[in-house]
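**Student:** As a plain string of letters, each chain reads:
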Amino acid sequence: MNYIDPHVHMVSRTTDDYQAMAVAGCVAVGEPAFWAGFDRSSENAFEDYFRQLTEFEPKRARQFGIQHFTWICMNPKESENVSLSRKVISKIRPFLDSPNVIGVGEIGLNRVTQNEVKIFEEQLELALSFKQLVMIHTPHLEDKLKGTKIILRSLAKYPEILPEQVLVDHIEEHTAEAVLGNGFWAGMTLYPSSKMSVARAVDVVEKFGPERLLVNSGGDWGPSDPLMVPKFGLEMRLRGHCAHDIQKMVFGNPKTFMAQSGKFRLSQ
Amino acid sequence: MTNPKPQLQAVHDLVQRYFIENRSRVLELAAFLDRVARASAGQYEGTVNTTDPDHRMDLLKKSLAALADPRPDKVQRIQILLSDPTEAPLESAPLEKSAQGVPTPNRREMIHCC
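Which chain is which? The protein sequence lines are A and B, in order. Just add 34 to the spot in the first sequence (first one is 1) and you have this note's numbering. Just add 101 to the spot in the second sequence (first one is 1) and you have this note's numbering.
Hints listed in this document are in silico derivations from the structure and should not be mistaken for laboratory results. Don't be surprised by glycine CBs; every beta carbon is placed ideally from N, CA and C. It is possible that part of the hints are untrue.
Stated by the list, open to error - Pair ranges (Cβ atoms, derived):
{"no.": "1", "chain 1": "A", "residue 1": "D73", "chain 2": "B", "residue 2": "L168", "range": "46 to 56 Å"}
{"no.": "2", "chain 1": "A", "residue 1": "D82", "chain 2": "B", "residue 2": "G202", "range": "16 to 26 Å"}
{"no.": "3", "chain 1": "A", "residue 1": "G274", "chain 2": "B", "residue 2": "R126", "range": "15 to 25 Å"}
{"no.": "4", "chain 1": "A", "residue 1": "Q53", "chain 2": "B", "residue 2": "K162", "range": "20 to 30 Å"}
{"no.": "5", "chain 1": "A", "residue 1": "P197", "chain 2": "B", "residue 2": "V176", "range": "22 to 32 Å"}
{"no.": "6", "chain 1": "A", "residue 1": "L268", "chain 2": "B", "residue 2": "N123", "range": "43 to 53 Å"}
{"no.": "7", "chain 1": "A", "residue 1": "V116", "chain 2": "B", "residue 2": "Q201", "range": "20 to 30 Å"}
{"no.": "8", "chain 1": "A", "residue 1": "D82", "chain 2": "B", "residue 2": "F120", "range": "22 to 32 Å"}
{"no.": "9", "chain 1": "B", "residue 1": "N123", "chain 2": "A", "residue 2": "E159", "range": "45 to 55 Å"}
{"no.": "10", "chain 1": "B", "residue 1": "F120", "chain 2": "A", "residue 2": "Q148", "range": "25 to 35 Å"}
{"no.": "11", "chain 1": "B", "residue 1": "F120", "chain 2": "A", "residue 2": "E159", "range": "46 to 56 Å"}
What the hints assert, rightly or not - With a straight-line Cα cutoff of 27 Å, these simulated BS3-like cross-link-like pairs (lysine-lysine) come out:
{"no.": "12", "chain 1": "B", "residue 1": "K198", "chain 2": "A", "residue 2": "K241"}
{"no.": "13", "chain 1": "B", "residue 1": "K198", "chain 2": "A", "residue 2": "K125"}
{"no.": "14", "chain 1": "B", "residue 1": "K163", "chain 2": "A", "residue 2": "K265"}
{"no.": "15", "chain 1": "B", "residue 1": "K163", "chain 2": "A", "residue 2": "K183"}
{"no.": "16", "chain 1": "B", "residue 1": "K198", "chain 2": "A", "residue 2": "K229"}
{"no.": "17", "chain 1": "A", "residue 1": "K165", "chain 2": "A", "residue 2": "K121"}
{"no.": "18", "chain 1": "A", "residue 1": "K125", "chain 2": "A", "residue 2": "K93"}
{"no.": "19", "chain 1": "A", "residue 1": "K229", "chain 2": "A", "residue 2": "K165"}
{"no.": "20", "chain 1": "A", "residue 1": "K229", "chain 2": "A", "residue 2": "K125"}
{"no.": "21", "chain 1": "A", "residue 1": "K152", "chain 2": "A", "residue 2": "K183"}
{"no.": "22", "chain 1": "A", "residue 1": "K229", "chain 2": "A", "residue 2": "K93"}
{"no.": "23", "chain 1": "B", "residue 1": "K162", "chain 2": "A", "residue 2": "K121"}
{"no.": "24", "chain 1": "A", "residue 1": "K265", "chain 2": "B", "residue 2": "K198"}
{"no.": "25", "chain 1": "A", "residue 1": "K125", "chain 2": "A", "residue 2": "K165"}
{"no.": "26", "chain 1": "B", "residue 1": "K162", "chain 2": "B", "residue 2": "K198"}
{"no.": "27", "chain 1": "B", "residue 1": "K175", "chain 2": "A", "residue 2": "K183"}
{"no.": "28", "chain 1": "A", "residue 1": "K229", "chain 2": "B", "residue 2": "K163"}
{"no.": "29", "chain 1": "A", "residue 1": "K165", "chain 2": "A", "residue 2": "K265"}
{"no.": "30", "chain 1": "A", "residue 1": "K183", "chain 2": "B", "residue 2": "K198"}
{"no.": "31", "chain 1": "A", "residue 1": "K93", "chain 2": "A", "residue 2": "K289"}
{"no.": "32", "chain 1": "A", "residue 1": "K241", "chain 2": "B", "residue 2": "K163"}
{"no.": "33", "chain 1": "B", "residue 1": "K175", "chain 2": "B", "residue 2": "K163"}
{"no.": "34", "chain 1": "A", "residue 1": "K152", "chain 2": "B", "residue 2": "K175"}
{"no.": "35", "chain 1": "A", "residue 1": "K125", "chain 2": "B", "residue 2": "K175"}
{"no.": "36", "chain 1": "A", "residue 1": "K183", "chain 2": "A", "residue 2": "K241"}
Required output: the full structure, derived from the provided sequences and hints.
**Tutor:** Laid out in structure tokens, this is it:
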């Protein structure tokens, strides 16, 4: 069964992972801009990273028949530095024209500070002004509930936002209802041993239904597995879900969301 | 749109599918608590015999008590127990760039027992 991984940081993965994903049925990935694992020294470092996302990663993915799409932004983990953030934001516009850039992301909050909220809202405004899809990072662990509430309050300040063009990612059991109830897409990032698991993600699908729900493997700096999306599909199958619903979760839903960017067209 | 209703919904089938891995999780938790107790008693080289409570362990134990609570939606209640209950963004960033798993004690005082 073909699948799409809508949120996976391939810059942190080896080329072997692309091959393994292709063997497992991956036909496309979405890779949002994120933290390097350390704080970058200047806006030029971000510009180099954006070039990696728009020039190098698509070539690396193509070797295995995977289409690579990406999102550009100033990430939440470095947003506390407002001055640097604004310099980085000023560099984003030209990259929005790149053929594989489908939106602004992953913006959001990290430790939920006033500066992070400021930069989050400035990037929402950027996305709106250039009619871009938005991908949002909700904070991890103890910060998730509070951060998600504040993110939803920020989104509500912009009535011109189309909820169906916004993906609120890393949702868990205690944030799913608020995100879905406000009409946004909700992403679940699946981890092998921390945070959201495959089994709990299927529980969420069974509780809320598959509409506007996505799953992804994240591939960030903690222990992660680039095959979590097909493993989620297997879990659904073992629980007796039908092929139609599985296909919707691992392929149909990400395609529907990402195709709202006119640049997302699958070659197969 | 109705929620998908998979065929594998019998209680016996669910227990059959998930029992062993969850039995293992219970043993891992028990082993972790024993390990912490041994370290607190000074049984590891370099550790100090201490009775100082670690606020993370306090919340972990409350979470375990919530598991024994027969009410439904255990995951949601434990998620909230382990969440920062405050509502306003911080004026400045904390020292830790990453979240720690439980709210800091001064924010935790606002938590009502689940």
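**Student:** Are the hints correct? Go through all of them and say.
**Tutor:** Results of checking the hints against the structure:
1. Restraint check, D73 of chain A to L168 of chain B: a C-beta distance of roughly 39 Å breaks the suggested window 46 to 56 Å.
2. At roughly 33 Å, the beta-carbon separation of D82 of chain A and G202 of chain B lies outside the given 16 to 26 Å, and the hint is violated.
3. Take G274 of chain A and R126 of chain B: their Cβ atoms lie about 23 Å apart, and the range 15 to 25 Å holds.
4. Between Q53 of chain A and K162 of chain B the beta carbons are some 45 Å apart, a value that contradicts the proposed interval 20 to 30 Å.
5. Judged by the Cβ atoms, the range 22 to 32 Å given for P197 of chain A and V176 of chain B holds: they are separated by roughly 25 Å.
6. At roughly 19 Å, the beta carbons of L268 of chain A and N123 of chain B sit outside the given window of 43 to 53 Å.
7. Here the CB-CB span from V116 of chain A to Q201 of chain B is close to 24 Å, well matched to the stated 20 to 30 Å.
8. Our hint of 22 to 32 Å for D82 of chain A and F120 of chain B is violated, since their Cβ atoms are close to 50 Å apart.
9. Separated by about 46 Å at the C-beta atoms, N123 of chain B and E159 of chain A satisfy the suggested range of 45 to 55 Å.
10. Take F120 of chain B and Q148 of chain A: their Cβ atoms lie about 47 Å apart, and the range 25 to 35 Å is violated.
11. Checking the proposed 46 to 56 Å range against F120 of chain B and E159 of chain A shows it holds: the Cβ atoms sit about 51 Å from each other.
12. Proximity of K198 of chain B to K241 of chain A is assessed by CA-CA distance (about 33 Å); at most 27 Å being required, the pair is judged violated.
13. As the CA atoms of K198 of chain B and K125 of chain A are separated by approximately 25 Å, the hinted pair is consistent with the 27 Å bound.
14. Under the criterion of a C-alpha separation no larger than 27 Å, the hint pairing K163 of chain B with K265 of chain A is inconsistent with the structure, at around 32 Å.
15. Note on K163 of chain B and K183 of chain A: the hinted pairing holds, with a Cα-Cα distance of about 24 Å set against a maximum of 27 Å.
16. For a cut-off of 27 Å, the pair hint linking K198 of chain B to K229 of chain A stands: about 17 Å separates their Cα positions.
17. Of the pairs offered as hints, the one joining K165 of chain A and K121 of chain A holds, with about 21 Å between alpha carbons and a cut-off of 27 Å not exceeded.
18. This hinted pair checks out: K125 of chain A and K93 of chain A have alpha carbons roughly 23 Å apart, not beyond 27 Å.
19. Between the alpha carbons of K229 of chain A and K165 of chain A the distance comes to roughly 32 Å, so the proposed pair goes past 27 Å and is violated.
20. Of the supplied pair hints, the one linking K229 of chain A and K125 of chain A is violated, its CA atoms being roughly 33 Å apart against a limit of 27 Å.
21. As the CA atoms of K152 of chain A and K183 of chain A are separated by approximately 15 Å, the hinted pair is consistent with the 27 Å bound.
22. With a C-alpha separation of about 31 Å, the suggested pair K229 of chain A and K93 of chain A falls outside the 27 Å cut-off, and the hint is violated.
23. For the suggested pair K162 of chain B and K121 of chain A, the alpha carbons sit about 46 Å apart, so the restraint of at most 27 Å is broken.
24. Annotation: proposed proximity of K265 of chain A to K198 of chain B is violated, straight-line Cα distance about 31 Å (limit 27 Å).
25. For the given pair, K125 of chain A sits about 17 Å from K165 of chain A by alpha-carbon distance, which is consistent with the 27 Å threshold.
26. A hinted pair counts as satisfied when its Cα atoms are at most 27 Å apart, and K162 of chain B with K198 of chain B qualifies at roughly 26 Å.
27. Only pairs whose Cα atoms come within 27 Å are accepted, and K175 of chain B paired with K183 of chain A is accepted, the gap being roughly 21 Å.
28. Note on K229 of chain A and K163 of chain B: the hinted pairing holds, with a Cα-Cα distance of about 19 Å set against a maximum of 27 Å.
29. For the hint linking K165 of chain A to K265 of chain A, the alpha-carbon distance of about 34 Å lies beyond 27 Å, and the restraint is violated.
30. A hinted pair counts as satisfied when its Cα atoms are at most 27 Å apart, and K183 of chain A with K198 of chain B qualifies at roughly 20 Å.
31. With a C-alpha separation of about 21 Å, the suggested pairing of K93 of chain A with K289 of chain A holds against the 27 Å cut-off.
32. Note on K241 of chain A and K163 of chain B: the hinted pairing holds, with a Cα-Cα distance of about 26 Å set against a maximum of 27 Å.
33. Using a Cα cut-off of 27 Å, the hinted pair K175 of chain B and K163 of chain B holds, with the two alpha carbons roughly 12 Å apart.
34. For a cut-off of 27 Å, the pair hint linking K152 of chain A to K175 of chain B is broken: about 35 Å separates their Cα positions.
35. Between K125 of chain A and K175 of chain B the alpha-carbon distance is near 45 Å, which puts this suggested pair outside the 27 Å criterion.
36. Taking the CA atoms of K183 of chain A and K241 of chain A, the gap is near 21 Å; set against the 27 Å cutoff, the hint holds.
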